[in-house]
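Protein chains: 2
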Amino acid sequence: MISPSLATMLCFVETDAAIDAQPLGRFLDAAIERSFNRISVDGQMSTNDSVFAIAGGGSGVRVEPGSDDERLFSGAVAALLKQLALEIVADGEGASRVARLVVHGPAGGSEPVARSVANSPLVKCALYGADPNWGRVLAAAGQVLPESRDVAFDLSIEGIEVARGSHAVDLDGDTHERLRQAMRAPEVEMTLSFGADEESEIWFCDLGHDYVDVNSEYN
Amino acid sequence: MISPSLATMLCFVETDAAIDAQPLGRFLDAAIERSFNRISVDGQMSTNDSVFAIAGGGSGVRVEPGSDDERLFSGAVAALLKQLALEIVADGEGASRVARLVVHGPAGGSEPVARSVANSPLVKCALYGADPNWGRVLAAAGQVLPESRDVAFDLSIEGIEVARGSHAVDLDGDTHERLRQAMRAPEVEMTLSFGADEESEIWFCDLGHDYVDVNSEYN
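Order-wise, the sequence lines are chains A and B. According to the numbering used here, the first sequence is numbered sequentially starting from -8. According to the numbering used here, the second sequence is numbered sequentially starting from -8.
In case anyone wonders, no lab produced these hints; they're calculated from the structure. Model, not experiment: these values are computed from the prediction. Take these hints with a grain of salt, some might be off.
Stated by the list, open to error - Partner residues are not named here, just some residues of chain B that face chain A (Cβ under 7 Å, in silico):
id, residue
1, Q35
2, M36
3, A173
4, M174
5, G199
6, D201
7, V203
8, N206
Using N, Cα and C, we set each Cβ at its ideal position, and we do this for glycine too.
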């Protein structure tokens, strides 16, 4: 969970724009889908995460339906919520490193694959140890792939292709060192492709000693 | 996984009884179902866990189909595999404490509930901290219950009822102290009931600092 002693994540967004509840709610729902619903600290649902938006209209500037202002406004809501969601992962229960994973395919399966990798304690411990252990990424993905599926995958970490056509790429010494350096950064990007158009994106944090302390020594 | 650098769990059972491959395999399958398939270290599948049984027949004692010997033999296989499986959980990647959870119902849902609790990092960290944090048990269970289900549950830890009819039991000071003491033992038993006959049992270990070390500092 995000914070087990608190109630649990309450997000309040305020604007002085003048906009009706219905379009505001629609922009908020769309933004939540691409932000708070795309993060995972430890795969554990909390009981009362909530996002509220309040438009007081104090500026007197009306956001007219279909206007450029409306597009700018909805874009700003989306950007703000994504920023807040990413801060939650980065602050999440002793996190020291954040990963962004983009999964392409398999058709109908990119979402469970993304969540399985993001919530794998082995992947998260390897991230904590700054090790580009892509076998763990694949093992976690394989756990939710249909048994009979003949999978072919490519995997890149920080733009470095580590597996292509289901086989390990033989990295030269320099590239391997670059990869190890990249894993030590506060943010690491991974792309796992099963060659389908469908795409799921998720942000997750590592699992280290501080997570254990936060969640076992809270009394 | 059980041991990420090894291949991964290979279990060999040998007997000098004379028994055919077919009944031996049947007893083995039944025993695996109630032992190795009922444990979880961290919910992560490994690629090549295998159990083999070899009956050399050296004793010259034939296990006749339908005989008392056959019942004794299959019981011994079941007991042995359960013992071995429990040792794996107890030895699992830095484990310091093991829990046995029995889930009664809901109909058709006891298995996912058992696994969700067993694999919850929050439940496992509380177990590491020896805290009878039953809210985490219920939260992990609730994560896989159908949304619309009107659940009523009872929960006991080491024979002490902590929740009854979905409400916390008000424990007196002595009972609470007994509960805290029981949580410090190497094995903790929990029973979660949704009032249906269906039963699923699972053993799992805690998640502590040694798990993080084993899985992040293996290089």
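Structure-based check of all given hints:
Against a cut-off of 7 Å between C-beta atoms, the interface hint on Q35/B holds, since the closest Cβ of chain A lies about 5 Å away. For M36/B, the interface hint holds, the least distance from its beta-carbon to any beta-carbon of chain A being 5 Å, beneath 7 Å. Checking A173/B against chain A by beta carbon gives a least distance of about 16 Å; that is not within 7 Å, so the hint is violated. At its closest, the beta carbon of M174/B sits 11 Å from a beta carbon of chain A; the interface hint therefore is violated under the 7 Å criterion.
For G199/B, the shortest C-beta to C-beta distance to chain A is roughly 6 Å, which falls under 7 Å, so the interface hint holds. For D201/B, the interface hint is violated, the least distance from its beta-carbon to any beta-carbon of chain A being 9 Å, above 7 Å. A hinted interface residue such as V203/B counts as satisfied when its beta carbon comes closer than 7 Å to some beta carbon of chain A; here the least separation is about 5 Å, so the hint holds. At its closest, the beta carbon of N206/B sits 4 Å from a beta carbon of chain A; the interface hint therefore holds under the 7 Å criterion.
Of the numbered hints given earlier, the model fails hints 3, 4, 6; all others are met.
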